[in-house]
Amino acid sequence: MSKGTDQNIQKTVKKLMLIVFAMFGFGFAMVPLYDVFCDITGLNGKTSNVAAQENQDGVDKSRLITVQFISHLSKGIPWKFEPMVKEIKVHPGEMKLVKFYAKNEAAHDIIGQAVPSVSPGRAAIYFQKIECFCFNQQPLKAQEDVEMALQFYVDTELPKEVSTITLSYTLFDITGRIES
Amino acid sequence: MTTDTIHDSHGHDHHDHKMTGIKRWLYTTNHKDIGTLYLWFSFIMLLVGGALAMLIRLELFQPGLQFVEPDFFNQLTTVHGLIMVFGAIMPAFTGFANWMIPMMVGAPDMALPRMNNWSFWILPFAFAILLSSFFMESGAPNFGWTFYAPLSTTFSNGSTAFFVFAVHIMGVSSIMGAINVIVTIMNMRAPGMTYMKMPLFVWTFFITAYLLIAVMPVLAGVVTMVLTDTYFGTSFFDAAGGGDPVMFQHIFWFFGHPEVYIMILPAFGIVSTIIPTFARKKLFGYSSMVYATASIAFLSFIVWAHHMFTTGMPLFGELFFMYCTMLIAVPTGVKVFNWVATMWRGAMTFEIPMLFSLAFVILFTIGGFSGLMLALTPVDFQYHDTYFVVAHFHYVLVTGSLFSIYAGAYYWLPKWTGHMYNDKWSKAHFWCSLISVNILFFPMHFLGLAGMPRRIPDYALQFADFNKWVSIGGFAFGLSQLIFLVVVIKCIRGGKKAEANPWEATEGLEWTVASPAPYHTFETPPKID
Chain H
1 MSKGTDQNIQ
11 KTVKKLMLIV
21 FAMFGFGFAM
31 VPLYDVFCDI
41 TGLNGKTSNV
51 AAQENQDGVD
61 KSRLITVQFI
71 SHLSKGIPWK
81 FEPMVKEIKV
91 HPGEMKLVKF
101 YAKNEAAHDI
111 IGQAVPSVSP
121 GRAAIYFQKI
131 ECFCFNQQPL
141 KAQEDVEMAL
151 QFYVDTELPK
161 EVSTITLSYT
171 LFDITGRIES
Chain S
1 MTTDTIHDSH
11 GHDHHDHKMT
21 GIKRWLYTTN
31 HKDIGTLYLW
41 FSFIMLLVGG
51 ALAMLIRLEL
61 FQPGLQFVEP
71 DFFNQLTTVH
81 GLIMVFGAIM
91 PAFTGFANWM
101 IPMMVGAPDM
111 ALPRMNNWSF
121 WILPFAFAIL
131 LSSFFMESGA
141 PNFGWTFYAP
151 LSTTFSNGST
161 AFFVFAVHIM
171 GVSSIMGAIN
181 VIVTIMNMRA
191 PGMTYMKMPL
201 FVWTFFITAY
211 LLIAVMPVLA
221 GVVTMVLTDT
231 YFGTSFFDAA
241 GGGDPVMFQH
251 IFWFFGHPEV
261 YIMILPAFGI
271 VSTIIPTFAR
281 KKLFGYSSMV
291 YATASIAFLS
301 FIVWAHHMFT
311 TGMPLFGELF
321 FMYCTMLIAV
331 PTGVKVFNWV
341 ATMWRGAMTF
351 EIPMLFSLAF
361 VILFTIGGFS
371 GLMLALTPVD
381 FQYHDTYFVV
391 AHFHYVLVTG
401 SLFSIYAGAY
411 YWLPKWTGHM
421 YNDKWSKAHF
431 WCSLISVNIL
441 FFPMHFLGLA
451 GMPRRIPDYA
461 LQFADFNKWV
471 SIGGFAFGLS
481 QLIFLVVVIK
491 CIRGGKKAEA
501 NPWEATEGLE
511 WTVASPAPYH
521 TFETPPKID
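Chains as they are written, first to last, in this note's numbering: chain H, 1 to 180; chain S, 1 to 529.
The shape of chain H in the complex, shown without the other chains (with noise of 0.2 Å):
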């Protein structure tokens, strides 16, 4: 083999490694990425993480929307947590709270996380929380109830065709995760 070739061959693979790397890396930007296009566009039903700011553009009296809401527990977290009320109705813009009972009934000391999701997923982000338990972990000795407050509004640029949101909170078991 010719010294020539000999270089263009080590060019050739140096171009080529690099692409692999930076495939590689890209398949860890997709994590980032994916969080911001969602947050964008809200489509994984996923609510913002930080306190709304209050309304400022008042009450639209004319539409009524629903809004409900659901509980989930995941796998092996022994607590009683639900909504106290399962469902309300709204006019945008129109400021609510609500309240979820958790007790923890295990014999031990836990820490929970609420992780919300809105439904249809396209409403996520008209749904405007200045309030919510979800912000924060939310730790309970053994057998100690609590009651956490949700404040909310409904954003008026909320799409026409919506007229019920759902909201879904899972609980999760974190205290493995915050003691390590």
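Where hints are given, some of them may not hold.
[As the list claims (entries may be wrong)] Taking lysine-lysine pairs in the BS3-like style, the calculated list, with each CA pair at most 27 Å apart, reads:
(1) Lys80(H) x Lys46(H)
(2) Lys15(H) x Lys424(S)
(3) Lys281(S) x Lys3(H)
(4) Lys3(H) x Lys424(S)
(5) Lys527(S) x Lys11(H)
Calculated from the structure, these hints are not laboratory results.
All values reported here derive from a predicted model rather than from experimental measurement.
Position chain S against the provided structure of chain H, taking the given hints into account.
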């Protein structure tokens, strides 16, 4: 193209320093030896994966649970899929690439022969790791070859680490193989061998190699995330820590869809080589074949979410991925049209490679059509995760990829061994395979349309009759593959002496050297008009 040099007739004895015994195979840097290793390895893996499939079909022969536990059944389907994809089909094509590409472009060997040795020899270790998990307390991976989170993370049976490291090694092997092919094609073509003069198999594998280096690193990334989620407390796919399990599917299928073209593009290349030879005509539409291959490769990157229509995508997403997927039918249609047009008014003869190629064209097209049906979002909601999907991908992977591998093997066996294959045995192999494969996979379409879900060890009574036929077809197809083993062994041991160009092929530098191909070929590059 033709060559006007009579090359290398001056004997190879003085530089033919082959080692003997096992060392020859362990230390070899010869592309033909490594190609042989790849081909044998993939055939062994085909038999191993096939044995797992036999167990699956045994359990599904009757409704109810007879032979295996549901959890073990899940291990069988998972490892069957992994072995067939990463152990049988992909290494077989890499074997062809190793054997044929240097000869087809008039190069003395692959550009990076030592890396070539390494990329083969790490493969057996990968599959030893994967298969060893069967013998452990926790059992083998049971979360499907697609290893969806949280099945492979939160609910893993403890085999995740074995799975992940096995896939890492397979990925490294594929990437090295792909780099080697690209470097060889870009730098070592004989003078005068321009890109648009390259044989189509070289072209298709060139494009496949680019797909490999683009998506195998993404697979490596996603299995790494699964590993850290399972064992190191990260939460890429765990909602409790802010992750999202649906994101797993996006990243996985961003790899997974180009992967299915990695397993079919080289098949297109092989069939495009064989059909012109036995139709005794030039390939119709050479350049359109090249462009069609490239367009399929490009489109494969923007259709991944058609595997995920039922995850609750917005309408726009569903439409986008549906239309992009249907668009792939256009370049694929160009290819099928070109193959048919090549045969049109050709002086066709029906040797075994041609029979397998014809079966490929017809049966792969059936698989393509069921793929089009699956691409339609509204109906996919019915077909999703049913046996219709199983029927579809087995038509494209077995009667598609595997049949093309057989076609290629029969086509080049005379060149590899120096002998013609046994006519009677090879005909038996073809006809037994053709009939049994359709008994095996065709009824699966109806099972799926009737609602039988995939990946289950038991089913409702109304599916019993079809499943019995499917299982009978499965056993017959499994046994038929042993005939191929007989053919190959007979062909290596002896048989009618093969000419340098036994098919009277008009194209292909490989036919200008003796049969069997000398250990070293084209040390002085051939001249190409």
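Hints, verified against the model:
1. Lys80(H) x Lys46(H): Roughly 23 Å between the alpha carbons, so the hint for Lys80(H) and Lys46(H) holds.
2. Lys15(H) x Lys424(S): violated, 49 Å
3. Lys281(S) x Lys3(H): violated, 40 Å
4. Lys3(H) x Lys424(S): violated, 51 Å
5. Lys527(S) x Lys11(H): holds, 25 Å
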